[in-house]
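Peer 1: Each chain, written out:
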Amino acid sequence: MTTTRSVMPFDEALERFEPVLGLETHVELGTESKMFCGCPTAFGAPPNTQVCPVCLALPGALPVANDQAIESTIRIGLALNCTIAEWCRFARKNYFYPDMPKNYQISQYDEPLCTDGHLDVEVDGRTVRVEIERVHLEEDTGKSTHVGGATGRIHGADYSIVDYNRAGIPLVEIVTRPIAGTDRLAPEVARAYVTELRELMRSLGVSDVRMEQGSLRCDVNVSLMPRGAAEWGTRTETKNVNSLRSVERAVRGEIERQAAVLADGGRIVQETRHFHEDTGATTSGRSKEEAQDYRYFPEPDLLPIAPAPEWVEELRARLPELPTARRRRLQAEWGVSDLDMAAMRNADAVDLVEATVAAGAPAADARKWWMGELARRANESGTALADLPIEPGQIARVVELVASGALTDKLARQVLEGLLAGEGSPDEIVEARGLRVVSDEGELIAIIDQVLAANTDAADKVRAGKVAAAGALVGGVMKASRGKADAARARELILQRLGVAG
Amino acid sequence: MSLTHRNAAELGALMAAGEVSAVEVAQAHLDRVAEVDSRVHAFLHVAAESALEQARAVDARRAAGEKLGPLAGVPIAHKDVFTTRDMPTTAGSKILEGYRPPYDATVTTRLREAGLVILGKTNLDEFAMGSSTENSAYGPTRNPWDLDRVPGGSSGGSSAAVASYQAPLSTGTDTGGSIRQPAAVTGIVGMKPTYGGSSRYGLIAFASSLDTPGPFARTVLDAALLHEAFSGHDVMDTTSIHAEVPPVVEAARQADVAGLRVGVVREFGGEGYQPGVTARFQEAVELLESLGAKVTEVSCPSFTYALPAYYLIAPSECSSNLARFDGMRYGLRVADDGTRSAEEVMALTRAAGFGAEVKRRIMLGTYALSSGYYDAYYGSAQKVRTLIARDFEAAFHQVDVLISPTTPTTAFPIGERADDPMAMYLADLCTIPANLAGNAAISVPCGRADEDGLPVGLQIMAPVLGDDRCYRVGAAVEKAFEDRWGGPLLKEAPSL
Ligand SMILES: [Zn+2]
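Just so you know, the sequences run in chain order L and E. 1 is the number of the first residue of the first sequence in UniProt numbering; add one for each residue after it. 1 is the number of the first residue of the second sequence in UniProt numbering; add one for each residue after it.
It is possible that some hints are incorrect.
To give a feel for the contact side, a few chain E residues facing chain L, derived at Cβ under 10 Å [said to hold, decoys possible]:
(1) Ser316
(2) Ala323
(3) Ser341
(4) Ser371
Simulated restraints on C-beta separations [to be verified]:
(5) L:Ile161 <-> E:Ser371: 32 to 38 Å
(6) L:Tyr159 <-> E:Ser380: 20 to 26 Å
(7) L:Val269 <-> E:Arg340: 54 to 60 Å
(8) L:Ala229 <-> E:Ser371: 27 to 33 Å
(9) E:Thr339 <-> L:Asp120: 50 to 56 Å
(10) L:Ile161 <-> E:Ser380: 39 to 45 Å
(11) L:Val269 <-> E:Pro421: 39 to 45 Å
(12) L:Ala358 <-> E:Gly338: 15 to 21 Å
Calculated from the structure, these hints are not laboratory results. Every residue, glycine too, gets a C-beta built ideally from N, C-alpha and C.
Generate coordinates for the entire structure from the input sequences, incorporating the hints supplied.
Peer 2: This is the structure we're talking about:
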């Protein structure tokens, strides 16, 4: 294991080399039960509590294919514009590994369920078509934890423990064809592809696609060829890339690393590399030069999959509105710019804004809160926007209160604080914290008179016609009312009381 | 007649009539096991306590007026390749020594549901790989006709148990002949149902696309009753067929071949066949003709390639099926002394736990599936398989059943072929085509070879889901021969 520290700056690397990408994405399907047995699939259960003779590969146990998983895979294939096989088989991928109970994985080999599709992604206002080679269905392995040792990996560990809860969870593998011609956009294209794929899965409702929980996992292939060369270079496969940002960083990092090696007269070794979230660097893993022979053969324990063409057409007809179409519609409905829309996607705010709008808020207000105050809060606490303990309906209510004049923006922020602290509904928080705008004119005038009395200098200036000096007085009123006054009304009243026309 | 020498249908009737209790029947058989099995070694595990308990339960249900099936209370010996929750399950391998599964195979469940009393688990070639039961890690089983000879295999414990009156019925599995060949060489009836006609769930896999559970019995009717008891669709095995079990019991009672078209497979016979086997087979042909069957010769040219195709497909599947025995989750684990990696422990465990024949087949299969060899070996073998199925199809346009000797020779001496795998593999020459095509096939006794006095089997093959034809023809042959012999062939076996 070596850590190559020498890298070539990205811009220089791109001047000399052209990157070619490839992405293999694994998506855990959100089916109730596992791929080949009836065990539940919920994430986070105590180790080895969601297991049975089948997923533990006890002697004599046989798999039974999960129809729901097959249907989900076909829907994914259709959404990716793939051809759906009329007849295909599962295949056994044979290799020994302690976290794989049968020591073979039931997967698909030369007869994948879906082939030859594409997914369009937008980067920098440009549409890039990513060709999909295949989409196939397989089962997940168990999860090994290597205890002791320095690396957290199997070599050098004191001992390893295995949790088979994940073994047999349905896994869809989506493989792109090589993506060439993206040039300096390569990192962004990779990220945009995974983003788009994730949204597609969500809109299909087939997976919760949580990268941090591993229900969407990405292997990133990168190779470089010198500008003007006809042949692609040797590629590396970076595994363990578990966030959108990491996808982008992994591509960039590999381009910089490979460029340095090639420029130095070295050669790229075909290998698996591990991505490190902390440094953004990759380290060398298993060499793939001695290609492992998986001895694939058709799985004799399962019948072939033969989806009836009419059924496939029915599934196609029932596909939901797909993300690109939906985004175009929402953008038009909300009247926002490409840039704003992109920002909302990057922040994972589109769904939240949409739900807030659906709960009655104007789009501009919904966007303002989610992309402003809430995005800042999420960022501070390192949580995803959607994971904040706050509901779109609550934001819609806050927006309504502001629109009605019952809250100012400043007060609204305090309501959000209450919501995040779990203090109840917006109305309860307004009540409990006493946040309602001072709408009693008498009370407001009393405060104004206090402020005028305390700031005679400023008051005199205004009387003398320097209306701009009223700002300080309004500020004083806001301060005295602890932000609960309506600033515009306060300004009107101040001018009135000082005999200046507003 | 002692209870142990009664057949299953008779025992069922006696118990139904209240003339004997299930406990008495079970005890009689347990006594017989105690008396003879030290010499035969049919059983790997005798479950005396649980057998008596099951028998008591049957008696209680009957006393309560419950209507029970025809085999309720009948003892059975269960091949130790089916999982049983209450007994060890070893598949004849050291790698599973002492292993107790947490679940019952579907066949086991159905035996229990039918009220059959499981006496214990029978010996087999390790992971059902072999034709002599010599490959068992727990020592060979002996043929009751001659204790120095093999009882066939892989289900040799099951054939010997029935042939030595330790049980009227037993279960077997047939991957290349592992039921029919042991039945033939011990003078009893053994049936390989249509592939998918009986569930493989809980059957420790040897070759998934070939393995078929089936019955052993001393009469055709008994075999049919057991066949009916455990067959039929199982949601836990997606390769099990969604269809009614063919009317096998009715067919066994029908026992009539008048007007039936019988085909003799031209490719099976002649050189390499023991003269006594050929002579008995010829007699069976003449017998069928005398019973009104129309016998013709039928050519199935692809059958010649069945043996090599089988020895690519079965090892290929086994190389993958047996990968799970790695010492990680159950069974034997060696060399886990804290200094070795998981991979090393896995490799050392497998080296210590598997016998020579199992290793040979794992290596054969690993090789046949390797990239660069796959098309030439596994791929070609699958093509042969298709051709064999076509030969069967074409043949069954001309005839209703096909017949052949079950096996080219009678039981061979223990040790004779142990170092000659090719000679051992030839024992399954005639039985393998039905496995490759998934057809139904039965072996029934057809006399003793003149040269050694040992039993010879007649194989009757029927189309997929034509299991009833096997029983119909088998029962007719059985009746006619028994008339001629003055009783079952097994009567001529030396008493133990
Ligand atoms: Zn399970």
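Peer 1: Does each hint fit the structure? Answer for all of them.
Peer 2: Tested hints:
Proximity of E:Ser316 to chain L holds as hinted, the smallest CB-CB distance being about 6 Å (cut-off 10 Å). Evaluation of the E:Ala323 hint against chain L yields a held restraint, the C-beta minimum of about 3 Å falling below 10 Å. With a cut of 10 Å, the hint placing E:Ser341 at the interface with chain L holds, because the nearest CB-to-CB distance is about 7 Å. The interface hint given for E:Ser371 holds, since its Cβ lies 5 Å from the closest Cβ of chain L, which is under the 10 Å cut-off.
Between L:Ile161 and E:Ser371 the CB atoms are about 33 Å apart, so this pair conforms to the stated range of 32 to 38 Å. Restraint check, L:Tyr159 to E:Ser380: a C-beta distance of roughly 45 Å breaks the suggested window 20 to 26 Å. Taking 54 to 60 Å as the suggested C-beta distance range, the pair L:Val269 and E:Arg340 does not conform, at roughly 28 Å. Distance hint check for L:Ala229 and E:Ser371: the Cβ-Cβ separation is about 30 Å, which falls inside the suggested range of 27 to 33 Å.
Taken as a hint, the range 50 to 56 Å holds for the pair E:Thr339 and L:Asp120, whose Cβ atoms sit roughly 55 Å apart. For the pair L:Ile161 and E:Ser380, the beta carbons lie near 44 Å from each other, so the given range of 39 to 45 Å is met. Checked against the given bound of 39 to 45 Å, the beta carbons of L:Val269 and E:Pro421, roughly 43 Å apart, stay inside it. Here the CB-CB span from L:Ala358 to E:Gly338 is close to 60 Å, at odds with the stated 15 to 21 Å.
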